Amino acid sequence: MSKTVCIIGAGPAGIVAAKTLALHHTNITSAPAPLFAVTVYDSNLSPGGLWPSSRSDPTRPIHPGMTANLTTNTVQFSDLAWEEHAPQFPRAWMVGSYLTRYVQKYLDGRENVEMRFGRRVVRAERGEGGRGWVVESEGVGEGGEGSESREYDFLVVASGYFGKKKVPEWAGGALLSSAGQTIPVVHSTEFRTLNGLLGDQSLPGKKILVVGGQMSGVEIASTIASELSSAAHSPGAKPIRDAKDYTVHHLSDRHTWVTPLFTTPTPTAKIPYFLPSDFNAFNIARRPQPLTNIRGGLVPESLARVGHESMKTSMGTDQAEFHPVMADHDPSAPLYVAISQFYPNLVRSGLITLSRGRLESPEEIPAKTGVESVDDIAAVVLATGFDPSPSLSFLPVDVLEKIGHAPEFPDLTPALASHGTHHPSVPDLGFVGFYRGPYWGVMEMQSRFLAHLWTPEAISPRSDALKTALERDRSSEEVLAMRGNPRTAQFPMGDYPYLMQEFASALSLDISPAHPPHPAPAPPVDLITPARYSYPNAAEPSSAEETEKSLRQTRKCADECLTSTGCLAASVFRNLLGTWTLNREIKSSLPSHPSGTFTGTATFLLRRKTADGIETAAAGEQAFDGAREGWEYLYIEEGIFASSVGFSFPATRRYVYRYDEVRDVLSLWFVRVNDDEKADYLFHEVEFLPRPDSEAKSGSGSGVRAKAGHLCIDDYYAVEYDFGLEGVGMKRWEVRYVVKGPKKEYTLHGVYTRP
1 MSKTVCIIGA
11 GPAGIVAAKT
21 LALHHTNITS
31 APAPLFAVTV
41 YDSNLSPGGL
51 WPSSRSDPTR
61 PIHPGMTANL
71 TTNTVQFSDL
81 AWEEHAPQFP
91 RAWMVGSYLT
101 RYVQKYLDGR
111 ENVEMRFGRR
121 VVRAERGEGG
131 RGWVVESEGV
141 GEGGEGSESR
151 EYDFLVVASG
161 YFGKKKVPEW
171 AGGALLSSAG
181 QTIPVVHSTE
191 FRTLNGLLGD
201 QSLPGKKILV
211 VGGQMSGVEI
221 ASTIASELSS
231 AAHSPGAKPI
241 RDAKDYTVHH
251 LSDRHTWVTP
261 LFTTPTPTAK
271 IPYFLPSDFN
281 AFNIARRPQP
291 LTNIRGGLVP
301 ESLARVGHES
311 MKTSMGTDQA
321 EFHPVMADHD
331 PSAPLYVAIS
341 QFYPNLVRSG
351 LITLSRGRLE
361 SPEEIPAKTG
371 VESVDDIAAV
381 VLATGFDPSP
391 SLSFLPVDVL
401 EKIGHAPEFP
411 DLTPALASHG
421 THHPSVPDLG
431 FVGFYRGPYW
441 GVMEMQSRFL
451 AHLWTPEAIS
461 PRSDALKTAL
471 ERDRSSEEVL
481 AMRGNPRTAQ
491 FPMGDYPYLM
501 QEFASALSLD
511 ISPAHPPHPA
521 PAPPVDLITP
531 ARYSYPNAAE
541 PSSAEETEKS
551 LRQTRKCADE
561 CLTSTGCLAA
571 SVFRNLLGTW
581 TLNREIKSSL
591 PSHPSGTFTG
601 TATFLLRRKT
611 ADGIETAAAG
621 EQAFDGAREG
631 WEYLYIEEGI
641 FASSVGFSFP
651 ATRRYVYRYD
661 EVRDVLSLWF
671 VRVNDDEKAD
681 YLFHEVEFLP
691 RPDSEAKSGS
701 GSGVRAKAGH
711 LCIDDYYAVE
721 YDFGLEGVGM
731 KRWEVRYVVK
741 GPKKEYTLHG
751 VYTRP
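According to full-length UniProt numbering, the residues represented by the sequence shown are 1 to 755, in order.
Since the hints were derived computationally from the structure, they do not count as laboratory data.
Given the structure is predicted, the values throughout are model-derived calculations rather than measurements.
Just so you know, not all the hints are guaranteed correct.
Simulated pairs of lysine-lysine, DSS-like, Cα-Cα distance not exceeding 25 Å [as the list claims (entries may be wrong)]: (1) K270 to K312; (2) K743 to K587; (3) K238 to K270; (4) K3 to K467; (5) K402 to K3; (6) K731 to K312; (7) K165 to K207; (8) K238 to K206; (9) K207 to K238; (10) K164 to K206; (11) K270 to K707; (12) K270 to K587; (13) K587 to K740; (14) K556 to K707; (15) K587 to K556; (16) K238 to K707; (17) K707 to K744; (18) K587 to K549; (19) K105 to K3; (20) K549 to K105; (21) K678 to K244; (22) K743 to K707; (23) K707 to K587; (24) K164 to K402; (25) K166 to K105; (26) K402 to K312.
All chains, full assembly: derive it from the sequences and hints.
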């Protein structure tokens, strides 16, 4: 008879646990079918957990339009590939759609799986004789069924670490301004629109104060600043008044390295390679084998210093060029990292101001931070994280004590064994994804671990590898040692490749071979992905096809970035944001077009991508249209043209720069004559040139070369670009135009440098 399993939560952890346990018997030839019958509870009405189920889903904590900070090569399970049209970095609603597809493929219609949406587990007590669980749940919302109890043999906690928003006691919905007006206060997960945050804009303040560092603080500060820029510089009706007058003030209590979505494994090269960030972070090609835990646990001072120097080298900057506070750090302290495409240059541009400290006296404005006072506040956004304790509130007090639950250490609770999977004192209780910053591959491994741990030995005796892993495990002790220790890593279980290795060893799972190396001088890449630890399933033969598809997609991405010009357009596009000093020389062969020089500035103003000039079909509900979605720049140059014959005059011009995430293409568009905020028609697409065989053959230019062309009636514009990338940044770039036609014959050479 099947053992019954209650799984609490239908987010990524819950559904992969349900699939793994429900299908586990198919991997054991002597097992009766099935070994486990699973019931999944979730208070939401559909799967996904934090992740929205559609573009317009307003019910989940994550904004549907948020860009994931890891690619589809990491945000995946081993047996379901992403759609071919998905961008490398999916939007949150796409992640929710992926999870829905996973449920449809592996759980819907299966006899030993029951999905109980719209029900919240309120209590889980021990069964008779201290065995099993009596789970009480209640219906959620109008029309929800009442309370009921069911008995289960095993309980899996997959309710996630985001139990309840951490909000200071003083944040009761509003602050009191010096003028006696109330200022809105929201948690970062509540932000959706500028209108929703600022309301009727009746307050005189023009600063949006973001409180909190680490990932969420950087993400929400960048998001709000990007939306302010878009509101100020997009054509048509403006979502708020006077958007140009608003700024974001980010108050953080710690130093954070902010890396972009695309990083380089060759930061000192004249023509660096770029890859999605997880290709570099989870590349084991240059790590000694077997892997050791170098990114989690307690970080020795020597390792911290190496980490800070490595970040400085890989980024090509200590971040002082953006703001002094971004460079101010203790090199002996564990490093903290956030991922954001635009945050550093939004700081450089002044849309985000930055200070170090904590909000000490928030009851009245100006707000005291311990270092300075911040006034002129229009709204406060709290990026203060979550408390995981409510996600365990259904467990009995004695069970919480046994598993080492300590609410006062929200990043390190409970103290579980086998890398956050179980506790020996409560053998029929398991955990999946219940730690800070869980990776999808680790959730899948934790689910497999529980399936093997709970398989009756009469059916399948424990392997020697599993026994050894259980005997040698010191995870609980390591968690206890980290509590209150200032040397604890940002993510205590943050070494994803190491965790995958350890679970694979315990489960006797082999990693699939690395792809053949790319030709020199391309750096070696051996990326850890869930698909490399396949788990063949007789009940779902198509799972092997999905695994192979995922592996091909990963290989394709690496090929495009290491043997072609992939990822360069995205990296250049990100670096354009903000203001540049522009010096342009014009040499004309015709007296009707005088030669001369232009001196001034060129500013790239970030905004949501507009559809003007684009003739593609509108994106459907479940499709991402790279031509219409994402970000673009309104380009404005202003300065003085001084002719070679002595006269001068003010000059200006505008373009729209766009980046297509799906096609990986950077393009330049003319603006309309009668509306200089709207794109009119395509000027040219930038074609990045293949890298030379060696840097010695790259010529005298700055680095990355590109070309373009445009025929304007009878005049042809030949364009050459030279982008000087340093680490992940760019401090100089050049563009040359050679224009020939019946009435035009001149060259332009523009040099852009950061002021």
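Do the hints match the structure? See the list:
no.: 1; hint: K270 to K312; result: 17 Å, holds
no.: 2; hint: K743 to K587; result: 15 Å, holds
no.: 3; hint: K238 to K270; result: 42 Å, violated
no.: 4; hint: K3 to K467; result: 22 Å, holds
no.: 5; hint: K402 to K3; result: 24 Å, holds
no.: 6; hint: K731 to K312; result: 16 Å, holds
no.: 7; hint: K165 to K207; result: 23 Å, holds
no.: 8; hint: K238 to K206; result: 16 Å, holds
no.: 9; hint: K207 to K238; result: 18 Å, holds
no.: 10; hint: K164 to K206; result: 30 Å, violated
no.: 11; hint: K270 to K707; result: 18 Å, holds
no.: 12; hint: K270 to K587; result: 29 Å, violated
no.: 13; hint: K587 to K740; result: 12 Å, holds
no.: 14; hint: K556 to K707; result: 24 Å, holds
no.: 15; hint: K587 to K556; result: 44 Å, violated
no.: 16; hint: K238 to K707; result: 36 Å, violated
no.: 17; hint: K707 to K744; result: 20 Å, holds
no.: 18; hint: K587 to K549; result: 53 Å, violated
no.: 19; hint: K105 to K3; result: 23 Å, holds
no.: 20; hint: K549 to K105; result: 16 Å, holds
no.: 21; hint: K678 to K244; result: 18 Å, holds
no.: 22; hint: K743 to K707; result: 23 Å, holds
no.: 23; hint: K707 to K587; result: 20 Å, holds
no.: 24; hint: K164 to K402; result: 23 Å, holds
no.: 25; hint: K166 to K105; result: 36 Å, violated
no.: 26; hint: K402 to K312; result: 43 Å, violated
Checked against the numbered hints listed earlier, the structure breaks hints 3, 10, 12, 15, 16, 18, 25 and 26; every other hint is satisfied.
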